[in-house]
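Participant: Sequence:
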Amino acid sequence: MAWPTHPEADAAGLRARGVGAVVCLCGEGWEHGVAERAGLAYLHLPLVDFTAPGPEEIDRFVGFCDGRLAQGRPVVVHCVAGRGRTGTMLACYLVHRGEGAGRAIARVRQARPGSIETPEQEQAVRDYAARCGRAP
Numbered sequence: 005m006a007w008p009t010h011p012e013a014d015a016a017g018l019r020a021r022g023v024g025a026v027v028c029l030c031g032e033g034w035e036h037g038v039a040e041r042a043g044l045a046y047l048h049l050p051l052v053d054f055t056a057p058g059p060e061e062i063d064r065f066v067g068f069c070d071g072r073l074a075q076g077r078p079v080v081v082h083c084v085a086g087r088g089r090t091g092t093m094l095a096c097y098l099v100h101r102g103e104g105a106g107r108a109i110a111r112v113r114q115a116r117p118g119s120i121e122t123p124e125q126e127q128a129v130r131d132y133a134a135r136c137g138r139a140p
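Residue numbers for the sequence shown follow the numbering used here, so the first one is 5 and each next one is one higher.
Simulated from the structure, these hints should not be mistaken for lab results. The structure displayed is predicted, hence computed values, not measured ones. Worth double-checking, as some hints may not be accurate.
Computed spacing ranges between beta-carbons, pair by pair [said to hold, decoys possible]:
1) Gly-67 <-> Gly-106: 19 to 27 angstroms
2) Gly-17 <-> Pro-123: 31 to 39 angstroms
3) Gly-17 <-> Glu-121: 25 to 33 angstroms
We put the beta carbon where it would ideally sit given N, CA and C, even for glycine.
Please construct the entire structure, taking both the sequences and the accompanying hints into account.
Facilitator: Right, here's the structure in full:
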């Protein structure tokens, strides 16, 4: 998902569609309380645009998503364009769920062409796959 332009309305709209949690990967997140007022769990995990997440950020993201999904709360993930940082983290989550790195990257790019924008972001997915004992 790309950057929400009207946070209060966007948060309420997401909740109305059954979303239970939001992960913001932008430097600046929603102001304090926007997600909570809409009944959404919220994780602000700031990453610099066009950079790759480190192991700690990936682990925190995966843990947050697992926790919310186990509660039956779908998760929306966004950055500014919804491609680089978002695509990288979603590919890592697919790896966490059993995909190989190449397949996870391909699935994300099929769903959103142009995703995972830099070689460093691709490598972060491959490194995470290696850490998880998955195929490259």
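Participant: All the hints need checking, so say for each whether the structure fits it.
Facilitator: Evaluation of the provided hints:
1. The supplied range of 19 to 27 angstroms is met by Gly-67 and Gly-106, whose beta-carbon atoms lie about 24 angstroms from each other.
2. Evaluation of the 31 to 39 angstroms hint for Gly-17 and Pro-123 yields a pass: the beta carbon distance comes to about 35 angstroms.
3. Between Gly-17 and Glu-121 the C-beta distance comes to about 27 angstroms, which sits within the given range of 25 to 33 angstroms.
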